[in-house]
Amino acid sequence: MMREFWHYFRNGLLGENPVLKLMIGLCSVLAVSVRVENCLGMGAAVIFVLTCSSLVISLIRNFVPNEVRIPIFIVVISTFTTIVDLVMKAYLPPLSKAMGIFIPLIVVNCIIMARAEAFASRKPPLLAVADALGMGVGYTLVITAIGVVRELFGYGEILSHPVFPRAYQGMMAMILPPGAFLLIGISIALLNWSLKKVKP
Amino acid sequence: MSTEILTLFKIIVSAAFVDNIILARYIGLCPYIGMSSSVANSIGMGMAVTFVMVLASIVTWVLWNFIFVPLGLEYLRIMVFILVIATLVQLVEILLKKNVPNLYRAMGIYLPLITTNCAILAVTFLGVDYGYTLLQVVVYSISVALGFTVALVLLAGIRERLRLARVPQFWQGYPIVFVATCLLAIAFLGFKGLVK
Amino acid sequence: MNILIPTVLVGALGLAFGLMLSFLAKKFAVPVNPLVQEVERVLPGANCGACGFPGCSGLAEKIASGEAPVNACPVGGPKVWAELSRLLGQEGSSWEVKRAAVLCQGGKGVAQVVAEYSGVASCKAANLLPGSFKGCRFGCLGLGDCVRVCPFSAIHIDLESGLPVVDWEKCTGCGKCVAECPRKILALVPRKEQVTVACVSPDSAREVRKACARGCIKCQVCVRTCPEGAITFENGKIVISREKCTLCGLCIEKCPTHCIIRVGKTAALLEVRG
Amino acid sequence: MKNILRVALALTVVCVVAACALSVVHVVTKEKIAEEAKKELKEALGVVFPKAETFTPLDLAAFGTLPESKDIQFLEAYEAQSGGERQGLVFKVASTGYGGPIVLLVGVDTKEGKITGLKVLEHQETPGLGSNVAEAGFLSQFLGKSLESPFRVGEDVQAVSGATISSRAVARACAKVAEIVRGEGR
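Protein chains in written order, with this note's numbering: chain A, 1 to 200; chain B, 1 to 196; chain C, 1 to 274; chain D, 1 to 186.
Honestly, the hints are just simulated from the structure, not real lab data.
Everything numeric in this text was worked out from a predicted model, so none of it was measured.
Please note that a few of the clues may not be correct.
[Said to hold, decoys possible] Calculated cross-link-like contacts (lysine to aspartate or glutamate; reagent style EDC-like; alpha-carbon spacing at most 20 Å): (1) A:K97 / D:E122; (2) A:K97 / D:E35; (3) D:K119 / D:E36; (4) A:K89 / D:E36; (5) A:K89 / D:E135; (6) C:K62 / C:E40; (7) C:K26 / B:E93; (8) A:K97 / D:E43; (9) D:K42 / D:E85; (10) A:K97 / D:E135.
Next comes chain A alone, as it looks inside the complex (with noise of 0.2 Å):
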């Protein structure tokens, strides 16, 4: 069983990365990526919804009737999105307010309907979580590190402390959406180019 758990922990993570391998789950990471510290925040709340919510529907997976099988998926995720949402909005209210609209908006991250659909309502408890943890850190790896490249350049800066000298004018273009596309695609052919390198 721990053996499997470690299967899919790491597939989530490398082999279906789901925003860069499989291209679910982008609209997020192109708008909360221009800091860091939202990130992050993003992160841990999608890890939070998509654990819970597999969790919840791998559990009660053999009572769902087909027919109402998709509202009853996103009455559960949207449970825990706005539990997220509201616990956010009382402890940490400038991170709420910094992600807007796209707390949300979780609820239709492509990543965790997938996910409940594609796996969690098929198969038991623990390696749905197992899922659902690997895919939730795959996400927040990728979104850190476009975050990471994106406030460098775009304000000079990590983790709102400057790491360039004050003369630094930021990159608008990273902070830009256009300069999210670029930054996406770029990232896409290095991760191209390094499994090629890898192996041949």
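Add chains B, C and D to chain A, keeping to what the hints say.
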């Protein structure tokens, strides 16, 4: 009257172009990347999104303003709205399949993709956030869907052209699509400041 | 109270939606052919689209209704086809296994080149230029669109002739190259030894002669030569009947431009140069 | 029929459980959220009017007809008090910038007729250009300015480079607030 029309016009321009849901707000990217491989597909998807978006924003607007705000249950918004959308999508699918099989064939395969299309949920949220009237919400959702479709069809056109081009090996597939999107987004930045 | 109202309200919503969905699902149920689901289960499920239908479910529907042949899925291969024909009760019926063939011999030194082309290296792009860079308006451009589109790496460009060569061992007959070729030079042919005209040009003798040494000039020597009467001249084209042809090879010998070739003779490789 | 009920009940049960869980979380976090919002407002008010200790909300109608136009909107007003005595006013104003309304607080010392502070609460200006109007570097030039100043970009206010429209929006907000306070004084 004329100011009302002017407001509506402003909503149309800003929703469809200035704040284009994909290129300026980064919402709805998954179907944008997934469904833009050919112009025909992208038009089908655009139609389906428009249809569901308008329906969903009307239903959620009514629920919101007549039930949830009076009862002070704003915090249930995420759950109720997404439940409405999920149900609506499934209903539309069932009804179309039975009554308008032709239309179902044209956009049916896109319908399941719409439940998890963040653009729809975002529009219902923004519609009530901006405090629009029912008429304005309808116009708003139509224009957002228009903006979505425009961006989708534009990218599909570019991708059809890209097939002729020789792309460096590691840039083939998604990377080059994102570069194209980047250029589109730069073009749409030009609309900024259009609506005051 | 704080908990009761929302619970009742959302519960009521859930009940209403649930009733609505399940009721309508029953009332408006469209009978789904159980066969479709079984067919879909047999198909590979990769949703690759090589069959030309919208995903595996789209193909399953067509196969179940008989609109598509059981061998429509090139990826599944004979194993899937056999399984499907068993499912559909068509066991024993022989489906034709197809392979792609290149119907042009106008390679380097054979076909006339009228201009040097240095544009986008793609047949589709080159074909947009009026007349392109070759003398023949119908011949192979050799820029390899078919090579790039082939999902099974079954096609390569022969360096000597500059023409594509199909490896019949790898080819699955999916037809993607046939659809991709802007000049419609590739065709799907039965996977067996056969004699065919390797030229698609409908031009007159003089035009063909000018542009290519291996083009069909419609002299109809082959029609007169064939002892079986398998070759006819229809609508300005030479047609070889596969049923009547005995593969004797007389027409190949007599053809003045050597544009009739034998296909699939050795190791299933298409002999492009006759 | 039985099946229909079963399906509907399944959805209902999930909905009920979800709503229950949510309302519990809501009850737990409600106070804290309201508190945070209050604290945030208090902090912001403190920044624009450091001298005052307490702020009481005022009815905007008390200021007569406000200059309502498509470029500027008055949202809220507060009275800044120190030792129970009125020291000045703070206005929450929405002024149209480049990307949309810039919502900002403007603090005015009514006794000395000076601007005491500015704080941008919300804006949708271009990051890296217009967004700089929310930075201290730009806003500090308004500090201590007399209400009689023209508040015009290019005359007594230096615009942020590349963001003239955003800068104008902030200056306009100050000018309108000054106008109202001057009108009230008379």
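Consistency of the hints with the structure:
no.: 1; hint: A:K97 / D:E122; in the structure: holds (10 Å)
no.: 2; hint: A:K97 / D:E35; in the structure: holds (15 Å)
no.: 3; hint: D:K119 / D:E36; in the structure: holds (18 Å)
no.: 4; hint: A:K89 / D:E36; in the structure: holds (8 Å)
no.: 5; hint: A:K89 / D:E135; in the structure: violated (25 Å)
no.: 6; hint: C:K62 / C:E40; in the structure: holds (10 Å)
no.: 7; hint: C:K26 / B:E93; in the structure: holds (13 Å)
no.: 8; hint: A:K97 / D:E43; in the structure: holds (16 Å)
no.: 9; hint: D:K42 / D:E85; in the structure: holds (18 Å)
no.: 10; hint: A:K97 / D:E135; in the structure: holds (18 Å)
The earlier numbered hint that this structure contradicts is number 5, and it is the only one.
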